[in-house]
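Here is how the chains run, residue by residue.
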Amino acid sequence: MGELQIKKQTKKYDAIIVGSGAGGGMAAYVMSKAGLKVCLLEAGPMFDPAKHSSQLKNAWESPRRGASTKFRPFGDFDGSWWGWQIDGEPFTTTEGTQWDWWRARMLGGRTNHWGRISLRFGPDDFKRKSIDGLGEDWPISYNDIKPYYDKIDQLIGVFGTNEGLPNDPDGLFLPPPRPRLHEMFLKKAGQQIGIPVIPSRLSILTKAINDERGACFYCSQCGRSCKVYADFSSSSVLVIPALKTGNLDLVTNAMAREVLTNNEGLATGVSYVDKNDLQEYQVFGKVVVLAASTCETARLLLNSKSARHPNGLANTSNAVGKYLHDSTGASMAGFVPALFDRKRFNEDGVGGMHVYTPWWLDNKKLDFPRGYHIEYGGGMDMPMYGFGFGMESINGKYKVHDVQKEAGGYGKSLKEDVRFFYGAQIGMAGRGEAVASIDNYCEIDPNVVDKYGIPVLRFNVKHSDYEIKQAKHMKETFKEIFHNLGGEVTWGGDDDEKNMWGLNPPGNIIHEAGTVRMGKDKKTSPLNEWGQAHDCKNLYCADGSVFTSQADKNITWTILALSMRTSEHIVDEMKKQNI
Amino acid sequence: MDRRDSIKALVIGSVTAGTLLEACKTDDKKGAADKGAAPTAGNEDRMAEEIPYNKALQDAKFFNDHEMATIVVLADIIIPKDEVSGSASDAKVADFIEFIVKDMPGHQTPMRGGLRWLDLECMKRYEKPFKDCSEKQQIEMVDLIAYPKKAKPEHRQGVAFFNLMRNLTVTGFYTTKIGYDDVGFVGNRPNQWNGVPPEVLKQYNLAYSEKELKECISYDKS
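First to last, the sequence lines map onto chains A and B.
Quick note, the first sequence lines up with residues 1 to 579 if you use this note's numbering.
Quick note, the second sequence lines up with residues 1 to 222 if you use this note's numbering.
None of these hints come from the bench; they were simulated from the model.
Every value quoted in this text rests on a predicted model; they were computed, and no experiment measured them.
Mixed in with the good hints there might be a few duds.
[As the list claims (entries may be wrong)] Calculated lysine-lysine pairs in the PhoX-like style (CA-CA distance at most 20 Å, straight line):
{"#": "1", "chain 1": "A", "residue 1": "Lys70", "chain 2": "B", "residue 2": "Lys102"}
{"#": "2", "chain 1": "B", "residue 1": "Lys102", "chain 2": "A", "residue 2": "Lys343"}
{"#": "3", "chain 1": "A", "residue 1": "Lys575", "chain 2": "A", "residue 2": "Lys12"}
{"#": "4", "chain 1": "B", "residue 1": "Lys124", "chain 2": "B", "residue 2": "Lys136"}
All chains, please: the whole structure from these sequences, using the hints.
Rendered as structure tokens:
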């Protein structure tokens, strides 16, 4: 490395965006299409699903047969580069707490591998405090965001059905795929006990919507990212089209260090380290939009200290980093004997479930305040690493072709067993709303820096009774569904209060939000309803950090809608010369 | 319609059709893939960090020749050739096991120690290491450790080893082309999902509702 120096870019942009996931990609798309000159910083390398996806590879094309590595915790073909850890980029937790933090480093971020579950928040989700007294109401209502949901439904594409549910709003849907066999079983079992099982809502194109993107060809591998752009990734659907406007400069391998401010306290740009040459750079713009992910955005703000912002940028409320909450998760799996020895056919379908269960109960009648939805898995999946594991715990339990065998074994009999049990497993996972709390937060670790010298985050998050009771309810529900399926639980059935009913650790569901929340009161919330900092009018946040509260829905569709709303606001304000 | 034509038909008019066809070229190299766990052409999907990482694993050697020979014998006992498909050897399962224990160091001691446990047990019984025992002796030994519920307490370590060996062998076998064909996996190819085949719905006494038939995407199967 040569002499260290800071290289200042001479070009002045209208907007600097940090992060190219759902929020940053949408901001880049909207602003570059509106004619603004935009610079997008991404901490990872270029990623174009058309070139870089592992789609359609077979297990044997991975030496580890698709098993996970530190590079790809969700498997060797997964579309996320890095995950639970990144070499040279540590984070810490306070004693007695746990936080799992998924970080993708690539164009498009986590949207390249996400589940495409695209649920609108409902009217109640914006005013939970008014309903149950916990947390805080959003500064906006469903009606404020509805036009943006409508626009992204059309721009990006999502399948589903209009069911007229009060808190799971209808949308502008493409036709969903028909349920798979085990999903027909689930529908029937749900009906018997009053649990709705309806078509899922996924941002996958069952029909082409334009000439740039193909239609789904049902390989079930959205998690690897789609070579024909038939599902939503920020890379393929937002950033790559935005680059074609000529208004967007994309800088990859740019790890943002801090937001630069002037003597008036306004943002002037962003400094970053280039991971290729390890030199320090600064880019300047009229507006800075942070969409580096819920926790990275908070980290950037807390690391952006100056005389005007001694507590970190946008942080007179002292709320930056606070109210960090992830979706809750608990799951269960088992066999459904009716599916043993089933006929073979290609049932890959789309990536993920064709049906799901939206929250169907009234929390006023329950001992926990917020709801959850249920996701289902199963079917004749592609054999990958782990296939056939634990046969000794299965093949002694059931008769195979009317013969009771001794558990374990080997040889021709074992091969027969593998075929017999294939495709008969069903899994279910609850994804619920946690209550945002000021006691759950991330902060700058005073002692630790990453390999670029950037101070890292220290997490302090714990589940409360609300989440634990919700997990208990999930487990009871899953057991009831299995019972009605005539199935037997093989995994996740033994949880109790000692292990918080199998509740996943916080952060593990990868739906974290809330660290730079919106709110009407600038004493308690860093951002106003536009995602604009109360303390710094040309600084905006446009990722999961802005959420006042979660919902019993995945957050990506709402990140997209809010980012579009924020970006259009920025374009307007710039026209009016307010910023 | 062959596979490539069907893709063309599906994505016709799409600017991205070409990239999908490219993707399928490597996918069609079944011959190369059957030769074992060597990475096939096409590292476009790899992170820069993964390529040297994988190469270092490929270049390293964990099991010695004696251990590898033992693994081959055991794997073929667990997955022999039958009327449906070939054996673990046919699917190069031992090569997969050699790779995976390097990739997942947690398997190394249970595998190495388990193999030695097995050899010592055979030395006591038959005065030969496992691989040099007669077929009858090998099966006699395996029968002592292959059935967790009826195994004797003094064979528990052997049971644990055999469970791991069974896991790795079954996974190593069924994640090959031979294994896919054996289990009847017919996915991982472009198609148009039209729902569960009618004869299967009938078998389970199920039917799509009118709402589903109306709302869901359907494809003309002519």
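Going down the list of hints, with the structure as the test:
1. A:Lys70 <-> B:Lys102: Measuring from Cα to Cα gives roughly 14 Å; hence the hint holds.
2. B:Lys102 <-> A:Lys343: violated (37 Å)
3. A:Lys575 <-> A:Lys12: holds (17 Å)
4. B:Lys124 <-> B:Lys136: With a Cα-Cα distance of about 16 Å, the restraint between Lys124 (chain B) and Lys136 (chain B) holds, given a limit of 20 Å.
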